[in-house]
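Residue numbers (our numbering), protein chains in the order written: chain A, 1 to 324; chain B, 325 to 543.
Just so you know, the hints here were simulated from the structure itself, not pulled from any lab data. Even glycine gets a Cβ: it sits at the ideal position worked out from N, Cα and C. Each hint should be verified, as a subset may be incorrect.
As the list claims (entries may be wrong) - Covered stretches of chain B (chain A as the covering partner; in silico rule of three or more C-beta atoms under 8 Å from a C-beta of chain A):
#, region
1, 401 to 410
2, 421 to 430
3, 433 to 444
Said to hold, decoys possible - One side only, chain B facing chain A, incomplete, derived with CB under 10 Å:
#, residue
4, I398
5, L415
6, R418
7, K453
8, G464
9, G465
10, A475
11, L496
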Amino acid sequence: MPEVNSRKSSARLSSRRQINPRIWLIRHLQVALSSLGRLARAPFASLMTMSVIGIALALPSGLLLVLGNVQALGKSWDGAATISLYMKPLVTDEETAELAQKLRLYDGVSEVSVIVRRQALEEFRQLSGFSEVLNALDENPLPAVVVVKPDESHSNPQQAQTLADKLGSADGVELAQLDLQWVTRFHAITKIADRIVWVVASLLGLAVILVIVNTIRLEIQSRHAEIEISKLIGATDSFIRRPFLYSGAWYGLFGGLISWLLVTLSLWLLDAPVAHLAGLYQSEFELSGMDISTFFILLSCGTLLGLAGSWVAVGRHLNSIEPD
Amino acid sequence: MISFDNVSKRYPGGHEGISNITLQIDPGEMVFLTGHSGAGKSTMLRLIALLERSTRGQLRVCGRNLTRLRRGQIPYHRREVGMIFQDHRLLHDRTVFDNVAMPLIVAGLGHNEVSRRVRAALDKVGLLKRERAYPVTLSGGEQQRVGIARAVVSKPPIVLADEPTGNLDADLSHEIMALFESFNQVGVTLLIATHDLELVRRLGRRTLVLHSGKLVQDY
Numbered sequence: 001m002p003e004v005n006s007r008k009s010s011a012r013l014s015s016r017r018q019i020n021p022r023i024w025l026i027r028h029l030q031v032a033l034s035s036l037g038r039l040a041r042a043p044f045a046s047l048m049t050m051s052v053i054g055i056a057l058a059l060p061s062g063l064l065l066v067l068g069n070v071q072a073l074g075k076s077w078d079g080a081a082t083i084s085l086y087m088k089p090l091v092t093d094e095e096t097a098e099l100a101q102k103l104r105l106y107d108g109v110s111e112v113s114v115i116v117r118r119q120a121l122e123e124f125r126q127l128s129g130f131s132e133v134l135n136a137l138d139e140n141p142l143p144a145v146v147v148v149k150p151d152e153s154h155s156n157p158q159q160a161q162t163l164a165d166k167l168g169s170a171d172g173v174e175l176a177q178l179d180l181q182w183v184t185r186f187h188a189i190t191k192i193a194d195r196i197v198w199v200v201a202s203l204l205g206l207a208v209i210l211v212i213v214n215t216i217r218l219e220i221q222s223r224h225a226e227i228e229i230s231k232l233i234g235a236t237d238s239f240i241r242r243p244f245l246y247s248g249a250w251y252g253l254f255g256g257l258i259s260w261l262l263v264t265l266s267l268w269l270l271d272a273p274v275a276h277l278a279g280l281y282q283s284e285f286e287l288s289g290m291d292i293s294t295f296f297i298l299l300s301c302g303t304l305l306g307l308a309g310s311w312v313a314v315g316r317h318l319n320s321i322e323p324d
Numbered sequence: 325m326i327s328f329d330n331v332s333k334r335y336p337g338g339h340e341g342i343s344n345i346t347l348q349i350d351p352g353e354m355v356f357l358t359g360h361s362g363a364g365k366s367t368m369l370r371l372i373a374l375l376e377r378s379t380r381g382q383l384r385v386c387g388r389n390l391t392r393l394r395r396g397q398i399p400y401h402r403r404e405v406g407m408i409f410q411d412h413r414l415l416h417d418r419t420v421f422d423n424v425a426m427p428l429i430v431a432g433l434g435h436n437e438v439s440r441r442v443r444a445a446l447d448k449v450g451l452l453k454r455e456r457a458y459p460v461t462l463s464g465g466e467q468q469r470v471g472i473a474r475a476v477v478s479k480p481p482i483v484l485a486d487e488p489t490g491n492l493d494a495d496l497s498h499e500i501m502a503l504f505e506s507f508n509q510v511g512v513t514l515l516i517a518t519h520d521l522e523l524v525r526r527l528g529r530r531t532l533v534l535h536s537g538k539l540v541q542d543y
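So that you can see chain A by itself, here it is in the shape it has in the complex:
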């Protein structure tokens, strides 16, 4: 043993001896795989933990996805901001057409269409179900309407309102109505929903961490002897920590996968009813599922939460095990 003699005189520890990076990588892979193997050897227990994590992650990610869909729906309404100009009853169809012609040249107006009185009556008759009542009237009670669509630069609620006010003062216009209030309310409501989802997500994220802390704590307890002997033969803290950190990361990763499955399954179950509902509103709306980047974000969140949980557990419990 030639090394023995050379070491005798050295007071310094061979501590920071450089480890070959290839060996370092191989060891990490080995630890990662053996942690995975350990989970596979107790499949039922592992699956239970992973499912708990999966459910905890599925709830906020599912809610976020639904919220995203609702917001997308709201966006499609934004462009639908239109101003209805109700004409005075005595204005003739010719005068209305003239006004429409003038409005087309107006700044901030992109489209103008006219619903003449007869047309309005027809439409109302078809859609309202009051045809009997209308037949009883001897005169058409409905005014002509000029529908103005603001161009893109005037489509947000304030600008559209200003435009509506201006158009309202035009000759022959009885009333200019901008029906946007419900869109702004809808936006306000989705904003609150967004907040609520994030609060729920944080709480459930915390729950995931706690589940992992507890699981890893039990694993540390069951591997007490191994940890003790490793410390005896000079294992560093990071060496001892490593398999537990990998376990935590695996739990999180598989939890993320399970949550993706749950969300996808739920969306699939919702798809047909939503399509039916959209059909009732003559809308082409379709539920959009999780795209690939969201999927990877979900997996990373799971993995990071797993790592965080195992880090907490390891920090709290490894130091308490000292060889005797």
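Given the coordinates of chain A, work out where chain B should sit on it, guided by the hints.
The following block gives chain B in isolation, referenced to the frame of chain A:
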């Protein structure tokens, strides 16, 4: 190699493990540590391996002042001190090979180097054929030899043994001691705690006698 300078270890509650021990062990020595149970033999070994810290005095091992060694350095210190226990301290869910390989894995050696060194150590203790066996299938003497192989596989300059023959009969004890002598011949410093006085007398090595935590004889 190992030097105690007025070293005391007082446990919480006031019990003194060892008190005011001063002694020097040179590189390449093979020293026995005897005394009745509770005389402080284990405490001395535990202080050298830094399983415990002394409460007073200076303890130097391999030229390092252990009283000033930071916590993060302890693992690296332990890699230079092989330890052998009466109860072997083997992991029963791992093969003989894997048990012996542990110190090398911990030190970050490559696969080929690990295999080579583990086989060499197992060959040395005569258990090369049992490398795939699990410790429970081995006899007490064989298990102890696995423990010894694990302690020397990383070629530490110092080996400590706490009652290594405590559970073994005379023949097996002689075998173990012969192994220790062969390590000593290649320069390893050995400190062996035992109360088998017959064995100690027969080997005729330097012997430290402890009584109630004090060094009463050094011959």
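- What hints, given by number in increasing order, does this structure fail? 7, 8, 9, 11
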